[in-house]
Amino acid sequence: MTEPTTIFHRYLNAPHIFRKDREILRPSYLPEKLPHRENEIEQLASIMSTAMRGGRPSNVIIFGKTGTGKTAVIKYLAREVQRTEELVEKEVLDIPDMAFIYLNCEIVNTPYGILQNIGNRFIKDFSSMIPFTGWPTEKVYNMLVSKLDESPKIVIVVLDEIDKLVYNSGDDVLYYLAKINDDMKNSKLSIIGISNDLKFMEFLDPRVRSRLSEEKMVFPPYNASELKDILEERARLAFNPGTVDEGVTAVCAALAAQEHGDARRALDLLRVAGEIAERSGDRRVTANHVYAAKDKIELDCTAETIKTLPLQSKLVLMAIIMHGEQGRNRLTTGEVYSAYAELCDFVGTKPLTQRRITDLISELDMLGIINAKVKSFGRGGRTKEIQSSVSLKDAKRILMQDSDIKEIGDYRLKQTYL
DNA sequence: TGTCCACTGGAAGGGAGGGCTT
DNA sequence: AAGCCCTCCCTTCCAGTGGACA
Numbered sequence: 061m062t063e064p065t066t067i068f069h070r071y072l073n074a075p076h077i078f079r080k081d082r083e084i085l086r087p088s089y090l091p092e093k094l095p096h097r098e099n100e101i102e103q104l105a106s107i108m109s110t111a112m113r114g115g116r117p118s119n120v121i122i123f124g125k126t127g128t129g130k131t132a133v134i135k136y137l138a139r140e141v142q143r144t145e146e147l148v149e150k151e152v153l154d155i156p157d158m159a160f161i162y163l164n165c166e167i168v169n170t171p172y173g174i175l176q177n178i179g180n181r182f183i184k185d186f187s188s189m190i191p192f193t194g195w196p197t198e199k200v201y202n203m204l205v206s207k208l209d210e211s212p213k214i215v216i217v218v219l220d221e222i223d224k225l226v227y228n229s230g231d232d233v234l235y236y237l238a239k240i241n242d243d244m245k246n247s248k249l250s251i252i253g254i255s256n257d258l259k260f261m262e263f264l265d266p267r268v269r270s271r272l273s274e275e276k277m278v279f280p281p282y283n284a285s286e287l288k289d290i291l292e293e294r295a296r297l298a299f300n301p302g303t304v305d306e307g308v309t310a311v312c313a314a315l316a317a318q319e320h321g322d323a324r325r326a327l328d329l330l331r332v333a334g335e336i337a338e339r340s341g342d343r344r345v346t347a348n349h350v351y352a353a354k355d356k357i358e359l360d361c362t363a364e365t366i367k368t369l370p371l372q373s374k375l376v377l378m379a380i381i382m383h384g385e386q387g388r389n390r391l392t393t394g395e396v397y398s399a400y401a402e403l404c405d406f407v408g409t410k411p412l413t414q415r416r417i418t419d420l421i422s423e424l425d426m427l428g429i430i431n432a433k434v435k436s437f438g439r440g441g442r443t444k445e446i447q448s449s450v451s452l453k454d455a456k457r458i459l460m461q462d463s464d465i466k467e468i469g470d471y472r473l474k475q476t477y478l
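Numbering (the working numbering), first residue to last: 61 to 478.
Rather than coming from a laboratory, the hints here were simulated on the basis of the structure. Watch out, some of these pointers could steer you wrong.
Pairs of lysine-lysine, BS3-like flavour, derived with a Cα cap of 30 Å [what the hints assert, rightly or not]:
1) 367 to 354
2) 125 to 356
3) 474 to 444
4) 239 to 135
5) 444 to 367
6) 184 to 207
7) 213 to 239
8) 135 to 93
9) 367 to 125
10) 239 to 367
11) 239 to 354
12) 354 to 125
13) 150 to 125
14) 474 to 433
Label pairs and their computed distance ranges (CB to CB) [stated by the list, open to error]:
15) 407 to 283: 45 to 55 Å
16) 415 to 466: 35 to 45 Å
17) 81 to 269: 39 to 49 Å
18) 300 to 405: 56 to 66 Å
19) 283 to 423: 28 to 38 Å
20) 419 to 466: 17 to 27 Å
21) 302 to 387: 44 to 54 Å
22) 414 to 470: 18 to 28 Å
Keep in mind that this is a model prediction, so the values were computed, not measured. The beta-carbon is built from N, C-alpha and C at its ideal position, and this holds for glycine as well.
Throw the hints in and build the complete structure from the sequences for me.
Okay, here's the thing in structure tokens:
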């Protein structure tokens, strides 16, 4: 008699490459040690230790590209602060009250939101919390000052992606936070700003700029050998012994190092390579799985970009794809526009003007979905030469998932373009 | 050398929508 | 709730452009 099986058995019986917790390979996982960031941790710890002696730590601005460990280092220090506080509670240590507040300015990006979020951390009673909206910003600020100043404490506010805040709503809130120490008698507040964009400082008022950047730190990109160390450490924790070929971490590291030493990308490559190996029932992760992972991540990324395009951009892309399917790979703006207008007519939506479509074409170019170069054809005029940079088949398949344009699938462009 | 083509891309402004303030 | 303000998306207008061609 055969055992009863379900569709999942094949996967359940496959060799286990991962240990139980594959979260270890997610960029959000915080390991016990952060290799090759010892100096940065040391430097920040020394700045922050001022707080433990009752002083106000200098404001710090941290620069570094994505995946250089900025947020990881901050979260590492936040954990250390928490551990220190536990020692205070056990009366092993005697240091002033500290608060470590982490805000991501991609999510909280208005002056009101920042002040409200910080203020509410110090209000225990739910009914007297600062509302999401409705108060004048000045009132929120005054409330924040009075709550912070109730008892002596040192507050460290981390503003991750601070550039987003500045681009979204200027430097008003930074001005408030920079002057808050003048308005408090008992407590002190300092700011750690994190950014991957050096230019945003130019948009700050000179007074805010100098107050904010009392200390500056730059996190350099990891090189291939540093990335390899990071990966090996994580791989040891995440994979079962003997399931990862020698050289796999080196390939991941080398690929990620080509892209400005992004540790996040390196970890993604390793995790996805492991998943591909496990899914195909292989016993070991090999370099080939890493290359497959690279393709998968790139395709997923393109798919995500295309899926989230607004309808009009999707129609423009569809127009380019349809030309491509009919053998025309190099198009002018005029040709794309005519086909786009035809598709708009087909789906029953009003076409935008050609001027606007010029902008949408430039956006698609910036996203890397198409390639558009301005070219002059002499008497034929000056226009953009446009071609798709992604596989027509893949792009169309992704576009067809949009219910608004699904029915375009078998449509053939009416016009003949010479 | 001047003309002409088919746009490009900057500027200004309208209007819808959403958040802030009173 | 209503007014104000800002942002985003879009239109309209238009000067400017590179290069083939007469």
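Okay, the hints, checked on the actual structure:
Taking the CA atoms of residue 367 and residue 354, the gap is about 20 Å. The hint holds against a cut of 30 Å. Under the criterion of a C-alpha separation no larger than 30 Å, the hint pairing residue 125 with residue 356 is consistent with the structure, at around 23 Å. This hinted pair checks out: residue 474 and residue 444 have alpha carbons roughly 22 Å apart, not beyond 30 Å. At roughly 26 Å between alpha-carbon atoms, residue 239 and residue 135 fall within 30 Å of each other, so this suggested pair holds.
About 25 Å separates the Cα atoms of residue 444 and residue 367, which keeps this hinted pair within 30 Å; it holds. Restraint check for residue 184 and residue 207: satisfied, since their Cα atoms lie roughly 10 Å apart, inside the 30 Å limit. The suggested pairing of residue 213 with residue 239 holds, with an alpha-carbon distance near 17 Å, which does not exceed 30 Å. For the given pair, residue 135 sits about 12 Å from residue 93 by alpha-carbon distance, which is consistent with the 30 Å threshold.
Restraint check for residue 367 and residue 125: satisfied, since their Cα atoms lie roughly 26 Å apart, inside the 30 Å limit. Annotation: proposed proximity of residue 239 to residue 367 is violated, straight-line Cα distance about 44 Å (limit 30 Å). Note on residue 239 and residue 354: the hinted pairing is violated, with a Cα-Cα distance of about 47 Å set against a maximum of 30 Å. Distance hint between residue 354 and residue 125 is fulfilled; the C-alpha atoms sit about 20 Å from each other, no more than 30 Å.
Note on residue 150 and residue 125: the hinted pairing is violated, with a Cα-Cα distance of about 39 Å set against a maximum of 30 Å. Only pairs whose Cα atoms come within 30 Å are accepted, and residue 474 paired with residue 433 is accepted, the gap being roughly 26 Å. Against the hinted window of 45 to 55 Å, the Cβ-Cβ separation of residue 407 and residue 283 comes to about 50 Å, which satisfies the hint. For residue 415 and residue 466, the Cβ-Cβ distance of about 29 Å falls outside the hinted range of 35 to 45 Å, so the restraint is violated.
Between residue 81 and residue 269 the CB atoms are about 43 Å apart, so this pair conforms to the stated range of 39 to 49 Å. About 58 Å separates the C-beta atoms of residue 300 and residue 405, a value consistent with the hinted range of 56 to 66 Å. Between residue 283 and residue 423 the beta carbon distance is about 34 Å. The supplied range of 28 to 38 Å therefore holds. Distance hint check: the CB atoms of residue 419 and residue 466 are about 26 Å apart, consistent with the given range 17 to 27 Å.
Distance hint check: the CB atoms of residue 302 and residue 387 are about 51 Å apart, consistent with the given range 44 to 54 Å. Roughly 27 Å separates the CB atoms of residue 414 and residue 470, a value that falls within the hinted 18 to 28 Å.
The structure does not agree with the numbered hints 10, 11, 13 and 16 stated previously, though it agrees with the rest.
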